[in-house]
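Got chain A sorted already, so can you dock chain B onto it with the hints?
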Amino acid sequence: MNKLSFFLGCIAPNRYPGIEAATIKTLDKLGIELEDLKGASCCPAPGVFRSFDKITWLALASRNVTLSEEMGLDILTVCNGCFGSLVDANNIMKEDSKLREEVNKILKEIGHEFKGTIEVRHIIEYLSREVGAEKIKQAVTIPMDLNIALHYGCHLVKPSKERHLGSTENPRFFDELVEATGATSVEYEDKMACCGAGGGARTAVLDTSLRMVVNKLEHMKAAGVDCIIDACPFCHLQFDVGQTEIKKKFDKAYDIPVIHYSQLLGLAMGYTPEELGINQNLIINEEFNKKVERIRGGANE
Amino acid sequence: MSDIIKTSDFDMEFRKEVFEEPGAEKIVLCFNCTGCTSGCPMAEQEPEYNIRKFLRMANLGMKDALLNSPYLWYCTTCYKCQERCPQGVKNVDTLLKIRTIAIDNGIMLDNHRKVSQLVIKSGHAVPINDEAKEKRKDVGLDDTPPTVHKFEDALGEVQKLLKISGFDKLVADKEETS
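Protein sequences appear in the order of chains A and B.
Last residue of the first sequence? That's 301 in my numbering, and every number before it is there in order.
Last residue of the second sequence? That's 178 in my numbering, and every number before it is there in order.
These are calculated hints, taken from the structure and not from any lab test.
It is possible that part of the hints are untrue.
Claimed, not checked - DEER-style ranges, computed between Cβ atoms:
no.: 1; chain 1: A; residue 1: Glu293; chain 2: B; residue 2: Thr144; range: 28 to 34 Å
no.: 2; chain 1: A; residue 1: Thr244; chain 2: B; residue 2: Lys150; range: 28 to 34 Å
no.: 3; chain 1: B; residue 1: Pro47; chain 2: A; residue 2: Ala223; range: 25 to 31 Å
no.: 4; chain 1: A; residue 1: Asn285; chain 2: B; residue 2: Cys33; range: 39 to 45 Å
no.: 5; chain 1: B; residue 1: Glu44; chain 2: A; residue 2: Thr117; range: 39 to 45 Å
no.: 6; chain 1: A; residue 1: Arg172; chain 2: B; residue 2: Leu118; range: 35 to 41 Å
no.: 7; chain 1: B; residue 1: Thr144; chain 2: A; residue 2: Thr184; range: 34 to 40 Å
no.: 8; chain 1: B; residue 1: Ala65; chain 2: A; residue 2: Ser97; range: 34 to 40 Å
Where a beta carbon is used, it is the ideal one built from N, C-alpha and C, also for glycine.
Next comes chain A alone, as it looks inside the complex (with noise of 0.2 Å):
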């Protein structure tokens, strides 16, 4: 299936919306179509709602699921967190007939049913079983020579039994995606770690959540990158919004651009910067932006 709906989520659309821009351009040269999934809502966050109330955080994300089945597509997330949620929603209804019954009863209120019938994929996981870093390096019109901190983030491989994505302690899948645009996957200390961003946790405890991305950042400034390259909308803004309160709070700078893996993947096609919304993130380092655009001169030349 070359179609799927496309599952927004809120960081995406509300905040950076150069992820949900950049995801429709790369996926339509891929010859992947998106459908809106229309009148979805948060999906709602994992860690977060799921703390709640397990009902609530079911039927919501149950609804998302139903829309796309009631579309007959499988849904495209671009964010860890939706991921999360929607896949292990769709798990447990498929798999928990009482937690269904009980679902169901709720979503008929409400004119929906879950049937069972899709499959909640993730970009990166999507393009990497279903279109493989070869062809992705066709795609590339302008190799992106950088040298980038990838940041697989916590939700897109764990837990693992729920994922099947291999290894969640040394996985090579999103970094294959990556090095498919021409850039350099740098190693650096504890590649895995979390943002600090999940599980409500940056909105309970902003600076200890913050102190998780300060060792982040320190180990991709040791490795000596250009940007950090994530998956996720929330990673993304605890990245970007995140060194801003460093800087204000412990007094820390690091300037380290943050894109998500379709914005590269825009940039390696050809697309501009703007065009990408890379430049509306609050982290703008102008020496980055020097080499994109020498790259992208050399390109042209």
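Just chain B now, kept in the frame of chain A:
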């Protein structure tokens, strides 16, 4: 010396409730290898956050101490501990279950209450604002995403769902519930 733990404080009903979560019942198999806490990125920042201790407290039925611990809300759900546990304890899922029991007992952080109320009001935990609308237009998108933000009927469905599940009452301001 640490405080004495009294068996009379153990609440076996609470333990039973925690064990309703699949994988929580495996806590009884824990042999204190400490793989969970030694790999925990939050414990590195805040040693008082100790997932192993929390799960063992749950196994003893230490309801009040557990539900009232401020550190209950520190887990980022990175799942590293759950991946590592040699006994198959679903650490994170169990912690989330304990949190839901705290919420049922009226223990909720104000910021979490605010995020919940945003979802009730707008259908999004992070709703659109004017700045984001401008950003959307700048990258060639419609200023309003095709989510509950654009479709009133869909927002109505979400709000009805949250009423039926009782979520609106669960996260209402404390003044209103009392």
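To see whether the hints hold, each was checked on the structure:
One distance hint, 28 to 34 Å for the beta-carbon pair glutamate 293 (chain A) and threonine 144 (chain B), holds here, with the actual separation near 33 Å. About 30 Å separates the C-beta atoms of threonine 244 (chain A) and lysine 150 (chain B), a value consistent with the hinted range of 28 to 34 Å. Against the hinted window of 25 to 31 Å, the Cβ-Cβ separation of proline 47 (chain B) and alanine 223 (chain A) comes to about 27 Å, which satisfies the hint. At about 43 Å, the beta-carbon gap between asparagine 285 (chain A) and cysteine 33 (chain B) stays in the expected band of 39 to 45 Å.
A hinted range of 39 to 45 Å holds for the C-beta pair glutamate 44 (chain B) and threonine 117 (chain A), which are about 43 Å apart. For the pair arginine 172 (chain A) and leucine 118 (chain B), the supplied restraint of 35 to 41 Å holds, since their beta-carbon distance comes to about 38 Å. With their beta carbons about 39 Å apart, threonine 144 (chain B) and threonine 184 (chain A) fall inside the hinted range of 34 to 40 Å. Taking 34 to 40 Å as the suggested C-beta distance range, the pair alanine 65 (chain B) and serine 97 (chain A) conforms, at roughly 36 Å.
Of the hints listed earlier, there is not a single one the structure fails to meet.
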